[in-house]
Structures are given as structure tokens and as C-alpha cells.
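**Student:** In this text, residue positions in the sequence shown follow our numbering: the first is 264, and each later residue adds one.
Just so you know, these hints were derived from the structure itself, not from any lab.
Mixed in with the good hints there might be a few duds.
Cross-link-like lysine-lysine pairs, in silico, DSSO-like; alpha carbons within 27 angstroms at most [stated by the list, open to error]: (1) Lys308 - Lys335; (2) Lys291 - Lys367; (3) Lys299 - Lys367; (4) Lys321 - Lys311.
Simulated restraints, written as ranges between beta carbons of each label pair [unchecked claim]: (5) Glu360 - Met326: 12 to 20 angstroms; (6) Glu360 - Ala315: 27 to 35 angstroms; (7) Ala315 - Glu359: 26 to 34 angstroms; (8) Gly340 - Lys373: 27 to 35 angstroms; (9) Glu360 - Ala316: 28 to 36 angstroms; (10) Lys373 - Asn343: 14 to 22 angstroms.
Idealized CB from N, CA, C, for every residue including glycine.
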Amino acid sequence: MLNQKTLLAGLLLGGIACSSPALALDGKAIYNNPAKGGCPACHGKDGKSPMAAMNAPKLAGQMEKYLLQQMKDIKSGARNNGNTAAMKGVMGMINEEEMAAVAKYLSGLK
Numbered sequence: 264m265l266n267q268k269t270l271l272a273g274l275l276l277g278g279i280a281c282s283s284p285a286l287a288l289d290g291k292a293i294y295n296n297p298a299k300g301g302c303p304a305c306h307g308k309d310g311k312s313p314m315a316a317m318n319a320p321k322l323a324g325q326m327e328k329y330l331l332q333q334m335k336d337i338k339s340g341a342r343n344n345g346n347t348a349a350m351k352g353v354m355g356m357i358n359e360e361e362m363a364a365v366a367k368y369l370s371g372l373k
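With these hints in hand, go ahead and build the complete structure from the sequences.
**Tutor:** Right under this line is the structure:
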């Protein structure tokens, strides 16, 4: 009986830990997905070779919290300078959990 309770508790805790959307999302896949904005078109496949004509910033290696906050600010309209008009539509294609996954992915690039 004890082993069954231990197993059940482990399964429940494991399920809770894995149920977090940010943990389950693949930031690289979202970044590269044209249906989610097609980030590489302007920021480069590697996040550090942006399209010069767009004056898009390099994203690779930036701090995760900074990247996430910039995406949130663009989506909400709190940031509306530079190329944010182009980004506003893109941010409408992803939710906050997806933004967090992309920020985590980009911050890990060097």
C-alpha cells in the first residue's frame, strides 16, 4: 500500500511539474515558426544577424528578463518606438508563455 501511495504521489508531483506551459514549450521552435511571427526573417536564424534594412536588434545572449519584458511591452503598447509597429502584429501571434520560452531560448544563445 505504501508503494502505491509513493508511486501515486510521484506521478502527481511529476504531472504538476510538467504541466507548466513554459516548461513544455520549445522556444527555438516558436522562434523559427512562421505561424508565430517568423522571427528569423528580421532577427536572423541565430538571433544575432538581423536584417540590416529593418534595423532589427540582435537578440542572442540578451538577458531573459529583459527580452521577455520588451516583448510584453511591445504587445501591450507600453513600448511604441522604433520598429515596434512591425513587432506589434507579431506579438499578437504569441501568448505570454510562448514569449517566456522564446526569451529563455534567445538568452541561451551566444
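**Student:** Using the Cβ atoms, figure out if Lys373 sits within 14 to 22 angstroms of Asn343.
**Tutor:** Since the Cβ atoms of Lys373 and Asn343 sit about 30 angstroms apart, the hinted range of 14 to 22 angstroms is violated.
**Student:** Holds or violated: the 28 to 36 angstroms window for the beta-carbon distance between Glu360 and Ala316?
**Tutor:** holds, 31 angstroms
**Student:** Does the Cβ-Cβ separation between Glu360 and Met326 fall within 12 to 20 angstroms?
**Tutor:** holds, 19 angstroms
**Student:** Cβ-Cβ distance between Glu360 and Ala315: within 27 to 35 angstroms?
**Tutor:** This hint holds: roughly 32 angstroms between Cβ atoms.
**Student:** Does Lys367 sit within 27 angstroms of Lys299, going by the straight-line distance between their CA atoms?
**Tutor:** holds, 16 angstroms
**Student:** Indicate whether the distance between the beta carbons of Gly340 and Lys373 respects the range 27 to 35 angstroms.
**Tutor:** holds, 32 angstroms
**Student:** Run the distance test for Lys308 versus Lys335: straight-line Cα separation, threshold 27 angstroms.
**Tutor:** Roughly 22 angstroms between the alpha carbons, so the hint for Lys308 and Lys335 holds.
**Student:** Does Lys291 pair with Lys367 here, judged by a C-alpha cut-off of 27 angstroms?
**Tutor:** holds, 9 angstroms
**Student:** With 26 to 34 angstroms as the target window, see if Ala315 and Glu359 comply at their CB atoms.
**Tutor:** Check passed, 30 angstroms falls within 26 to 34 angstroms.
**Student:** Just to be careful, I want the Cα atoms of Lys321 and Lys311 compared with a cutoff of 27 angstroms; is the pair within it?
**Tutor:** Cα-Cα ~5 angstroms, so holds.
The structure fails hint 10 only (numbered hints given earlier).
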